[in-house]
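As a plain string of letters, each chain reads:
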Amino acid sequence: VREFSETQKALANRLAELLSGQDVVAIMHYLDVMLGSTVSGKESHSDTYVSNPAGPIRVGIWEQRVRNGQTSFVRTQAGDPWTLWANVGTIPPKSRQKRILFLGESVARGYFYDPHFNPATTLQNILNSAIKSNSVEVIDLARIDLDLDALVQLAESAVALESDAMVIFAGNNWHYKREDGSQDMIEMARILRSDAGWPGVHSFIEGRLRQYIDRRVGRLAAIAKTRSIPIIFLIPEFNLAAWRSACSGPPVLNVAATSDWLAELEEAESFLRSGDLAMAAERATQICRLDQGSTPAGFNILAEIALRQGKTAEARSHLEKARDSVLSQPMPASPRCYSLTGEILRSYANHKGITVIDLRNRFQEYSNGQLPDHRLFLDYCHLTVEGITLAMASAAEVLLPVISNARKAWSELVQFKTEVDPQIRAEAEFLAAVHNANYGQRTSLVRAQLEHAIQTFPDIKQLMSLFLKTQLRKSPSVLCAEFEQIMETKNASVIQRLYAPPRAPKAFNSVLANELTLAAGGREDLGACAQSILIDEHSVDGARVDLLTRFYCGLASTAAFQPESVRSAGQPLWSGHIDSSSANPNSSSVFFKAREKASHFLLVCNETCNLSLALTYQLSSCSAGTTIAVEVNGKEIASLPATRHWQTSRLAVQDSVLVQGPNVIRIIWPSLQWPSSEWVEGLAKAFECGHFPDIQPIYGEIFSFQAALIGADTHEDSLQQYGKVLSDAL
Amino acid sequence: VFLPHSIEDKPNRKDNRFGAAMNVMGISAYFHDSACCLLRDGVLIAAAQEERFTRRKHDPALPGHAFRYCLEQGGMTVTEVDCVAYYEDPKKKLARQLCMMTNGLPWNSTNREALDIHRPIREIATVLGYEGPVKIFDHHLSHAASAFFFSGFQESAILTVDGVGEWATTTYGRGDGKKIELFEQVDFPDSLGLLYSTLTNYLGFSVNDGEYKVMGLAPYGKPVFADQVRTLVQLGERGQYHLDLRHFDFLRTDRMYSEQLPELFGHPPRQHGSELLQFHKDLASSLQVVLEEILLSKVEYLRSVVPSNHLCMAGGVALNCVANSRILRDGPFSKLFVQPAAGDAGGALGAAAMAHVELTGQSLPHGAMAHAFWGPEFSGDQIYRFLKTTACSFTDYRGREEDLLDATVTRLAKREVIGWFQGRMEFGPRSLGARSILADPRDPTMRDRINASVKKREGFRPFAPAVLENRMDQHFDLDHPSPFMLETCNVCSKIDLPAITHVDRSARVQTVDSGTNRRFSSLLESFNCKTGCPILLNTSFNMRDEPIVCTPLDALVCFVRSELDALVLGDFMIDRADIAPSWPMLVAGMMEIPASAVSHHVYRLL
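Residue numbers (the working numbering), protein chains in the order written: chain A, 3 to 732; chain B, 338 to 943.
Keep in mind the hints are simulated off the structure, nothing from the lab. Any given hint might turn out to be false.
[Claimed, not checked] Calculated pairs, DSS-like style, for lysine-lysine (alpha carbon to alpha carbon, straight line, at most 25 Å):
#	chain 1	residue 1	chain 2	residue 2
1	A	K508	B	K725
2	B	K725	A	K476
3	B	K429	A	K11
Keep in mind the model is a prediction, meaning the values are calculated, not measured.
Isolated chain A (complex conformation) (with noise of 0.2 Å):
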């Protein structure tokens, strides 16, 4: 750096005078896209995992030690924590074992299994006995949330250990990535104000992420090609009978569509309701036509419908399209391998040296033709013991023949006897069901996954009771007395999920525990202590209690779309339920913001007594004479004017509505006229200065929401309080 002259500085201060428009940032992007281009032509690199390019080799977490000529690869503390790969200290020198490389993501990991069962162990496992010798090692480099980019680094560097053949399990998490300086974003800005609209985006996403895989599964491929090991894909299928992707609702078309829309939609699940398939059809049609694919909505009805009808193969088509549907939304979706991600793979089954190995088929064929369902996954894509055996067995059915002269089918190896201790089962089951219920997934499900938890290992309910009342808790689930219990199990798979992120808001989720306290009642009264600690610990009492602690304002997590139908007829032991419209996760703002048309919060009262209750809240459109309606357990308590600025309004609640123990405040939004074209030439501006923008809707927003026991009105004690700081003061 050097001192500047005035006529520098000078210069200087015009050329910020100049930039400080409102347009500085887009103006910006077109400069680093018009000269900069400082990474054209440079792929993206991983967000997860990065290699060692300056120190020595490094395969994931294992670095090269070379000791009497001897190469080994040892694990380091450098870098990714080690709970996200296997639990193996040192990967050995290769010897005359057969070496396969088993490379992938969460699924080839054995989610909620590993360690004490996982994909790689089960290959090896299938090899050795259908060779019936111990000559092949299975080296297992699989990584929880590996991306595509680190998967292709990891697969690169992998060469160094040495393999007989590699198997990649993995495009789970193959998403859109934006590659910094590229001409994507100004291009979507484009898009999005052209008659193409939103559905053009989610087109031109497509496309991107369809040459983003595409170059990097020739790089794979090119591994077969160049160093001679010959490279297995096995493509991951998806819980399609199960899961149900999330619809965070109406993609952004313009006010007219956007209303039809909804009203279709409305109309769709109407006669959802009542049976009449054929005008719920044609809706959900209308909805696929309107949003062209854009969003979940449709494709799921008409599945339930073909479903209903007993048309498997239809339905398969409209899940897949649900499924594929959410490839551009900017919200957390759950893993998913797409079509698009099958048909790229599938493309270089011809390659020299390349095997792919359809799991969608292969599901099929084994189910005889039913949807993938719960005797093969956990969840969206985890699979069970019998779908992890069912995978490796067709990996090694294409395997034998290249390490070895043994031949056989993947339906002779798939009878290998997997032993998995039923604890463990169990607990893996119990771990999917807390992780569907936060997914926002069908009642059904989840009831179901516990209870044949409980069938596996009646003793889970022990586990089950301590997960409950440590999720109750306000403290971080780790300090709380119950998981002193939960350590006991020793179980480091356990305890590594319930564990994790310790400190982490918690969401309080009435399904999960409805369900828990009724699959894990019995001697104990589950429900009894559940109740006692909830008003011991978050009842309003001599405090106000801020309402939108995310404890009391639901789950963060996407809920999926649930039509009226396909949810369970079961009533919640307790009167409550916490849906998802809580602040976007992504969203940095301090106040809550509404994303569906009606917010829950929970209110837990130790005994029914009045309540006031002060709300600050505004919408960002409104019309004039439209209002917002506060029920407190089904129950009109008041009538708020809508209003663009902040307001607050205190509402006092007789102790009539109230309940002991949970109760449900619901907060009911004005219609939207939505999205408005300054709201949509708002995204576009966001996109032309390079982000990404939040395309959900918002019904309102609310800064504050507080709960009292009348009498103890705080806004009198802050007067007090303000008096006295005054009155020292001076």
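Using the hints, position chain B against chain A.
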């Protein structure tokens, strides 16, 4: 682009629950140590750094948590905020950034984002939800106001010194009543803050974090390199000075110096974490001496222009308590005020004060800031409810304060190290008895033990004493209170105090009086009664690379991760033996502390 409402549609924000009260929020953000404060009718109600809530050291994010805390503490909601005051001018800063780009600062997406001058105003609306007027003040004016308006001086000279704000790196000014005038400034790249940071970087410490370590290292060395350091800065006329820029490189992302700096000193740069040699200590000493010389020279100049007895100082360099003491001892001013959050966090305070003056035409009503306890507090009931659900046992001293103090001093006298969590959290980088680690200063092994086992940090780092104000002169060469631990003086006690006495016999003293810090004062009294020593070692309640604890949960986690012997949480005491068997493994090994949010290779000039 992101404004939620059209401009014509003016919000009707204010309701009058507090009558005519004027609520001003001050915000500093997007650089390091972001913070928020609330002034009501000019009275400071609350102030806190964002890092304490997010647990990201030096968090630069817009202080959303601190903003909500200030509202909560003020018993108000966003509609009652009359004005938000922002602590620097993004447009002026952009001009300096653009100049740097013509000088070779690389063009990349991170830098591009940093040039978004609308971000503060936009995000105050979209992230904080505040839609009213926002007033913007220059960075160094905010610094100046943060000192002068809280000094209790009716008039004063003002000196601000830091790395860089917009253009200015040093300013000279005067305050008089409600008016502040900054009449001269030194512009970037000439900067004493950057000089100190560059040598901090060269000495292998983290920039924006390790400057304090360099100051602590200085007494171990001799100023044998002072002449070389002097060549780096040429004093100019009036308040000016110039860096010899051949030795600096502020455009790099991995270091702040050019190849010529190691050549000047004849030593390669120290690698982070490597052994500290005598050269490093001597260079730290030389840097400190030269900094003090320059500051003394410049305060002499300031006094020649502003013939006041009072001096207010602010900016990151004003946290150099050794230099502060030298200025007071050897300089022309008889009184010095440095506000406890003198760095960028304090900019929030100054901006809010400026906004108050502009809006009301009045100065701030109170006298000197008497304490730094402007952060959150937790009631006994809240702490009890928290503790009773956890898997640890504890002793409940509610209603038995004397017993609590007695139990605590008994442990301290037995050479135990105590985590001490009381009342409202401190604002600023120093722990002053609300979130502190305390120990017996008479124990010669204590310093090494706390550095190694409790705070897990460098062994050379000194600890500060807290002493009863009415006994300070018996133990320290100090003739005035030092409540914020921002001055050093010589230890003159008859008691041997090895744990808090630096190698040059100095100590960074905090004086404690019962009026502002009652329970801590009582603890010191009790310790004095038991041992005859009215002094305790007082260091911040955190571990290396972690912000000071804010909540009872933070304190408990830090307690488990460190090797503290006991934790006093309000009226409750937890012994190390009382914690659950699994906690050391679960918490100590696995509790994630987010990485520091600020680069420590270089001073982040954008």
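ask   = Looking at the structure, which of the earlier hints fail to hold?
value = none
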